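S.K.: The chain contents come next:
There are 2 protein chains.
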Amino acid sequence: MPPVLLSARSAALLLTDWRAGTDAPAYEALSDALRVLVIDGRVPQGVRLPAERGLATALGVSRTTVANAYSRLRDDGFVVSVRGSGSVVHLPRELAGRPDPERLGGVVSDDLLDLRKAALHAAPGIPDAVERAMRHVPAALAGIGYDTVGDPGLRAAIADRYTERGLPTDPAQIVVTIGAQHAIALLARVLVRRGDAVLVESPTYPHAHEAFREAGGRLVGVPVDARTGWDAAALETTLRRTAPAVAYVMPELHNPTGATMSASTRELLLSVAAATGTTVIADETMGELRIDGVPSLPLAAGGAGGAGGARGAGGSGSAGPVGSAGSAGSAGSAGSVVMIGSADKVFWGGLRIGWIRAAPELLHRLLLARPTGDLGTPVLDQLVARELVPRTAAVLEARREYLRQGRDDVVGALRTRLPEWDVPSPAGGLTTWVGLGRPVSSALVLAARSEGVVLASGGVFGPDGGFERFLRVPFTMPPADRVRLVDVLERSWARIGGDAAGVRGSLAAVV
Amino acid sequence: MPPVLLSARSAALLLTDWRAGTDAPAYEALSDALRVLVIDGRVPQGVRLPAERGLATALGVSRTTVANAYSRLRDDGFVVSVRGSGSVVHLPRELAGRPDPERLGGVVSDDLLDLRKAALHAAPGIPDAVERAMRHVPAALAGIGYDTVGDPGLRAAIADRYTERGLPTDPAQIVVTIGAQHAIALLARVLVRRGDAVLVESPTYPHAHEAFREAGGRLVGVPVDARTGWDAAALETTLRRTAPAVAYVMPELHNPTGATMSASTRELLLSVAAATGTTVIADETMGELRIDGVPSLPLAAGGAGGAGGARGAGGSGSAGPVGSAGSAGSAGSAGSVVMIGSADKVFWGGLRIGWIRAAPELLHRLLLARPTGDLGTPVLDQLVARELVPRTAAVLEARREYLRQGRDDVVGALRTRLPEWDVPSPAGGLTTWVGLGRPVSSALVLAARSEGVVLASGGVFGPDGGFERFLRVPFTMPPADRVRLVDVLERSWARIGGDAAGVRGSLAAVV
Numbered sequence: 001m002p003p004v005l006l007s008a009r010s011a012a013l014l015l016t017d018w019r020a021g022t023d024a025p026a027y028e029a030l031s032d033a034l035r036v037l038v039i040d041g042r043v044p045q046g047v048r049l050p051a052e053r054g055l056a057t058a059l060g061v062s063r064t065t066v067a068n069a070y071s072r073l074r075d076d077g078f079v080v081s082v083r084g085s086g087s088v089v090h091l092p093r094e095l096a097g098r099p100d101p102e103r104l105g106g107v108v109s110d111d112l113l114d115l116r117k118a119a120l121h122a123a124p125g126i127p128d129a130v131e132r133a134m135r136h137v138p139a140a141l142a143g144i145g146y147d148t149v150g151d152p153g154l155r156a157a158i159a160d161r162y163t164e165r166g167l168p169t170d171p172a173q174i175v176v177t178i179g180a181q182h183a184i185a186l187l188a189r190v191l192v193r194r195g196d197a198v199l200v201e202s203p204t205y206p207h208a209h210e211a212f213r214e215a216g217g218r219l220v221g222v223p224v225d226a227r228t229g230w231d232a233a234a235l236e237t238t239l240r241r242t243a244p245a246v247a248y249v250m251p252e253l254h255n256p257t258g259a260t261m262s263a264s265t266r267e268l269l270l271s272v273a274a275a276t277g278t279t280v281i282a283d284e285t286m287g288e289l290r291i292d293g294v295p296s297l298p299l300a301a302g303g304a305g306g307a308g309g310a311r312g313a314g315g316s317g318s319a320g321p322v323g324s325a326g327s328a329g330s331a332g333s334a335g336s337v338v339m340i341g342s343a344d345k346v347f348w349g350g351l352r353i354g355w356i357r358a359a360p361e362l363l364h365r366l367l368l369a370r371p372t373g374d375l376g377t378p379v380l381d382q383l384v385a386r387e388l389v390p391r392t393a394a395v396l397e398a399r400r401e402y403l404r405q406g407r408d409d410v411v412g413a414l415r416t417r418l419p420e421w422d423v424p425s426p427a428g429g430l431t432t433w434v435g436l437g438r439p440v441s442s443a444l445v446l447a448a449r450s451e452g453v454v455l456a457s458g459g460v461f462g463p464d465g466g467f468e469r470f471l472r473v474p475f476t477m478p479p480a481d482r483v484r485l486v487d488v489l490e491r492s493w494a495r496i497g498g499d500a501a502g503v504r505g506s507l508a509a510v511v
Numbered sequence: 001m002p003p004v005l006l007s008a009r010s011a012a013l014l015l016t017d018w019r020a021g022t023d024a025p026a027y028e029a030l031s032d033a034l035r036v037l038v039i040d041g042r043v044p045q046g047v048r049l050p051a052e053r054g055l056a057t058a059l060g061v062s063r064t065t066v067a068n069a070y071s072r073l074r075d076d077g078f079v080v081s082v083r084g085s086g087s088v089v090h091l092p093r094e095l096a097g098r099p100d101p102e103r104l105g106g107v108v109s110d111d112l113l114d115l116r117k118a119a120l121h122a123a124p125g126i127p128d129a130v131e132r133a134m135r136h137v138p139a140a141l142a143g144i145g146y147d148t149v150g151d152p153g154l155r156a157a158i159a160d161r162y163t164e165r166g167l168p169t170d171p172a173q174i175v176v177t178i179g180a181q182h183a184i185a186l187l188a189r190v191l192v193r194r195g196d197a198v199l200v201e202s203p204t205y206p207h208a209h210e211a212f213r214e215a216g217g218r219l220v221g222v223p224v225d226a227r228t229g230w231d232a233a234a235l236e237t238t239l240r241r242t243a244p245a246v247a248y249v250m251p252e253l254h255n256p257t258g259a260t261m262s263a264s265t266r267e268l269l270l271s272v273a274a275a276t277g278t279t280v281i282a283d284e285t286m287g288e289l290r291i292d293g294v295p296s297l298p299l300a301a302g303g304a305g306g307a308g309g310a311r312g313a314g315g316s317g318s319a320g321p322v323g324s325a326g327s328a329g330s331a332g333s334a335g336s337v338v339m340i341g342s343a344d345k346v347f348w349g350g351l352r353i354g355w356i357r358a359a360p361e362l363l364h365r366l367l368l369a370r371p372t373g374d375l376g377t378p379v380l381d382q383l384v385a386r387e388l389v390p391r392t393a394a395v396l397e398a399r400r401e402y403l404r405q406g407r408d409d410v411v412g413a414l415r416t417r418l419p420e421w422d423v424p425s426p427a428g429g430l431t432t433w434v435g436l437g438r439p440v441s442s443a444l445v446l447a448a449r450s451e452g453v454v455l456a457s458g459g460v461f462g463p464d465g466g467f468e469r470f471l472r473v474p475f476t477m478p479p480a481d482r483v484r485l486v487d488v489l490e491r492s493w494a495r496i497g498g499d500a501a502g503v504r505g506s507l508a509a510v511v
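Residue numbers (our numbering), protein chains in the order written: chain A, 1 to 511; chain B, 1 to 511.
The set of hints was computed from the structure by calculation and includes no laboratory data.
Among the hints, erroneous ones may be present.
Treat identical chains as interchangeable: a pair holds within one or across any two.
Simulated crosslink set (SDA-like; lysine to any residue; CA at most 20 Å straight-line) [as the list claims (entries may be wrong)]:
(1) K117 x N68
(2) K117 x A142
(3) K117 x D128
(4) K117 x P360
(5) K117 x T148
(6) K117 x T242
(7) K117 x G143
This one's a predicted model, so the numbers in the text were calculated from it and none came from an experiment.
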């Protein structure tokens, strides 16, 4: 297969702000920026770079600048010339040695603090749950094992949890998936056809926008800000103008900003989506990890009463007013709300148990499409999740205290040590979405990586690039690592603070 | 989202042979044939049928015939008229009640013998393996859990099994997937671009051709026959003419025919694929389930010496001549061979552990693409598979005797009781690919279903429809069910034997 071509237009989107924060010659700045994209895995090995002329036009620079930048990348071993295929991205052996993009950071050591995935340590109750689950293995082994629907006991436990949260749910509305990402990809395949508009938040969870794009979706973004939340006017305009097939949102503790959608925006979203025939997918992967305040009703319970705090001072476990709950499950595909959940953020990432809550008609379509991608959710993990899901509320109580401490430590230290940053204190989730004030996120990430702290740069969360002024900082790590994280960020900021010379200097150490 | 349109051309392909074996009026035969497609799940609920005029042209019948057929389907509740969307497929409540296409047969009872999936009962050693694996849970819980590469111990065990079979393999050539289907879909996403030709066998494993089609592949088929094997001339011509991006083959105990590719055809395939730059994917999901004869070397070991029996009379466990093994792993993407394997057919379908063996460069690309679909293989199942895979040879020994008995019972009884059928006795695998002599596979399947025996009709295995003259009959079931299977097939054959009146009569009973 010939190499995949990166178009000049896509390259220009990825290269937003490539000249910012540096007074180096343009060709040096451009080659540095491209190198960051390669190291980050955003332009993967084997991809063919745009023709020099095309990229020059897209970036508004001379062709010589691009030629010199490519030549410098070739000298550094990041690009090879392939006959008939132009300039093809190549990873130097030090980076490519392990076939694991998770470890592409170059610095592979036990001492690595990898914070690209925001995830908690395993919940303490898992060994017990495994022990209890194993009693059911002999019975499970009597079955054929291929299970695209989900274990009935697990589906009932998931339905009960929704009911507990104020959204009455029947197990027939639940299908178990191999984690939330698998749920997103399955929904994208079934709901999106080539050329359909798909509304996503900007920033958003990157593998979600990849899945919708791969399904042929044309992404349209709506801004979300850590402090001011959703841009309701943009949301309404975009919905009405593009009538998207799908709107993918994280209304509760949005990733990466930590924002929660207000009651009025929820109502707006649901009413306009119903008018435009848009299926709303509400991803609650982070949604249960609330630290402060009162949890909202799940979005499928309707807009009224669905916002954070709108249920008044009631305890988080009490079943509040249900709004229009119940009707959502029986609604047709137009204007319906599909919920995605996951056991993995609450309990452990190694479980790979997620789910979809939708009307049985849509589930039926998902089940017909599913075998093209996989033949079912592993049975043992479902048996374990069946033991764990009923204990969600208790586990979250312990998680909440841990996360509160982590958030307060990290946010407090960053505010003190890096006062020029804008460091929000989110009401929950696993991360804070830091405003750096300058478009240097990739440079900062590179500098931190050379000290063994690996973060995802802001641009990863932009469906169209951008967000070089932001950094997602998890607060999931144990106390000693929090200190290390903040120390490294402070030093890295100082290193890149003056001019871009510091950045370029650090590259040699990384590669 | 508006309903998906079934094009007149696709409908005509699905309706191959719709008039065969019946002297009913054309509109009745057509509505019966469409009804079978709906019940079978091949035309799913919610799909919009072609416009009457278009389908009439594609089938070479009058528009009135199509109109009357649609009208009959509406009367029977299989089609609803949706304003602005024409005739949309609908499943009567009796069929749609459970959101599980596996149970769409209509007859849902404990007494159902569902043979649409060819799979063995769980291997007896699994509870022990689970027990042993659980000792490693505490250590595993210290990790983050998201594992797109695979547990190192499991990858080493899989590599060892290839080496044991005569194909020296390093763990760095292995990535663990969530079953073989997940491996196929991942490879399709990475290797196939929209419009690329993809060579598949005809017949072939249906979810594979679905995955390649979903990735945008344009399928080209090469005939495989249970008795005469691959059409080598067609294979060469098709490869040279279409230069496919991928050739997806099951060279060892092909599903559904049970055929094994000869040494000369293997050599031909590999040499022509190298010339056309085609990546060969060899799916060995069934490949280890040999009953008679000597296993071939894995295809990646090269053509010479790779054919069934070509290794002479050596024991199945002995490491024979290795041919060009070793070079395949380091070959570039052009002309390279990718192997797919699975623990699920050997041990248990509920495990969902498969793998890909490929050059690290390709694995790297797969790992970059993987998070768009899922974030990793569940950890607990990998721990269990790590215990099981090293025991493959011992488990296969017991499986072999069981399968030999099953095959000989089912094949023998079918040959005696239905002498007009062509019933091959395959050298392994889980099924026999029966030639019925007449294009009545769907009718036979419907009749058998009304007695609680559920089979996949031959057309399911045709990448372009067809195969109505064939039926895949598993021999995986315990002895009592073998008797029942053959009894039901004999009675069903008699019921549809005279004319199509019997088939139509049976529909009421099913629905």
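S.K.: All hints are to be evaluated individually against the structure, with a verdict given for each.
M.R.: Going down the list of hints, with the structure as the test:
1. K117 x N68: The answer is neither: 35 Å in one copy and 58 Å across copies each exceed 20 Å.
2. K117 x A142: between (37 Å within a copy, 15 Å between copies)
3. K117 x D128: This pair counts as neither: shortest intra-copy Cα distance 26 Å, inter-copy 34 Å.
4. K117 x P360: Neither. Shortest intra-copy (33 Å) and inter-copy (24 Å) distances fail the 20 Å Cα cut-off.
5. K117 x T148: between (27 Å within a copy, 13 Å between copies)
6. K117 x T242: neither (32 Å within a copy, 42 Å between copies)
7. K117 x G143: between (35 Å within a copy, 12 Å between copies)
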